[in-house]
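Trainee: Assemble the whole structure, with the sequences as input and the hints as a guide.
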Amino acid sequence: MIIKGKVWRFGDNIDTDLIIPARYLNTSDPKELAAHCLEDANPEFVRKVQPGEIIVAGKNFGCGSSREHAPLTIKAAGIACVIAVSFARIFYRNAINIGLPILEAEEAVREVREGAVLEINLEEGKIIHVETGRVYRAAPFPGFMQEIITAGGLIPYVRSRLSR
Amino acid sequence: MAMTMTEKILAAHAGKKEVKPGELIKARVDLVLGNDITAPVAIKEFAKIGTDQVFDRERIALVPDHFTPNKDIKSAEQAKILRDFARQYGIVHYFEIGRMGIEHCLLPEQGLVGPGDLVIGADSHTCTYGALGAFSTGVGSTDMAAAMALGEVWLKVPPSLRFHYYGSLPPWVGGKDLILYTIGQIGVDGALYSAMEFTGEAVSALTMDDRFTMANMAIEAGAKNGIFPVDEKTLAYIEGRLKRSYKVYQSDPEAEYAKEYEFDVSRLEPQVALPHLPENVRPVSEVTGVYIDQVVIGSCTNGRIKDLREAAEILKGRKVHPEVRLIVIPGTQEIYLQALQEGLVAIFIEAGGVVSTPTCGPCLGGHMGIMARGEKAVATTNRNFIGRMGHPESEVYLAGPAVAAASAVKGRIAHPKEVLGNDH
Ligand code: SF4
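Protein chains in written order, with numbering that gives the first Met the number 0: chain A, 0 to 163; chain B, 0 to 423.
Hints were generated in silico from the structure; no laboratory data involved.
Using C-beta positions, here's what the derived DEER-type ranges look like:
#1 A:149 x B:54: 20 to 26 Å
#2 B:321 x A:46: 38 to 44 Å
#3 B:315 x A:45: 46 to 52 Å
#4 B:21 x A:105: 16 to 22 Å
#5 A:46 x B:170: 50 to 56 Å
In silico BS3-like cross-links for lysine-lysine, where the CA-CA straight-line distance does not exceed 30 Å:
#6 B:15 x B:242
#7 B:155 x A:74
#8 B:43 x B:25
#9 B:155 x B:16
#10 B:416 x B:232
#11 B:25 x A:74
#12 B:246 x B:232
#13 B:43 x A:74
#14 A:74 x B:70
#15 A:47 x B:73
#16 B:305 x B:70
#17 B:43 x A:30
#18 B:155 x A:125
#19 A:74 x B:73
#20 B:47 x A:30
#21 B:79 x A:74
#22 A:5 x A:125
#23 B:47 x A:74
#24 B:73 x A:30
#25 B:70 x A:30
#26 B:232 x B:305
#27 B:79 x A:30
The beta-carbon is built from N, C-alpha and C at its ideal position, and this holds for glycine as well.
Mentor: Right under this line is the structure:
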């Protein structure tokens, strides 16, 4: 899958309370949640984000609570991919399980600025900075994650196992 | 091959003789947990699997604790999804309001977790049960849905880090101070993807309630799980509670640790984590100039009976500062009742505090003590992220129950000694 979009930058340790504050978690409707995506970190973001755009963040993205609402909210806000130096482990699992593309690419995070346009080849883990032509490589997914991704997420994966 | 206790538990649940860090395993789960925020999403995903039964009606726990007793119509609808699901599938361990508690205080108390268990929960603080010598970790709602259907979870075996605490604990220094200090040393991603194993004489000296507090906050260092050796205190705790058989695993002396830390606790002061990360830790004496508006004593970190006793010892016969609101939230109905019978509730009320029914409440900014712009709280909870207890411009200072109670009296962050004098 090829993703092409503009970059929104965020810092280190973006926690799940910043991604979607718990005060909105009395619902689990992704559309309602998306209206508050990252609003405490950058109020502009949710007003201006366009479908297909990309988040680039520092280390430990998605730390804190296990709420799957966090990747769901980011996905529902239209974000096509999150690139970070590292992800907190539950967020990582959740993103894979629900089909939000994520990539660990430290070099890209170091060099890419807000507003830059990236073209991402997910299968190859290749990130191209469209303006400069610079190519970055993302860390490959561990094998079992790849199986889940190929199945289209954890639920289709479980469904196929149960029917076997 | 020598293994850590985390590795041994994972191997046993994967049906293997041994496992190594980094290895991917499919493990059998002893218990799957969900709450009123995460379970509705899991239940929706479970429906998509298209099975008409759960893997085991007795190995799923559903606890409506976050926005309950329900604060509004939307949260009532969420809680109802759990209730309906529990009835439809005959879930044995569904805990209704009036019989519930904050999940991580409740499950050990109700004897649903024992040494050697493998527990997953759609809540990040599921790591709490490591205090009992179990492997337990937080996962997402979709993981929970899959585990409810299959009784299994995919896991990557984490490398283990060993945290060894020696020396004897000074007065008013407990599990919360040890874990805050540790996170202050290693940072909020200092144990990312890893197992934190807590050992040493200072840890053996801790009560079970203090150990729950420490294991609870392993996630705040990014860890997959926190775990304690099983000793006579552990066995005394599960005695009369645990309904299942259990198995004690011990780390081999030659087991490999990715890193080992040693801390001398003899001179440790009570610790406080400043906004907005649990790693911004200072000794309490460095932050006594911070004036506060609210004190919250409760949560899955410090809502247990030992915590309430400690707070009551400081508040007994004293008054909460006129400009401070004290909110005390016992972790479960059983703890609440015990606090009532021991006279602790009376102490809190006479001091000018409120005592709430068990709920997560303000810990996650849900209800029961939300802060306005610019307000500051000392809380015995586990996260001080931006907006965690209300307005994005409010601030949370994390501390143990003794510092929280002393701060409630003084109206600013305070060492318990400032209230009680040095002879305590
Ligand atoms: S008390 Fe706080 S940290 Fe614990 S489960 Fe509830 S919301 Fe989460």
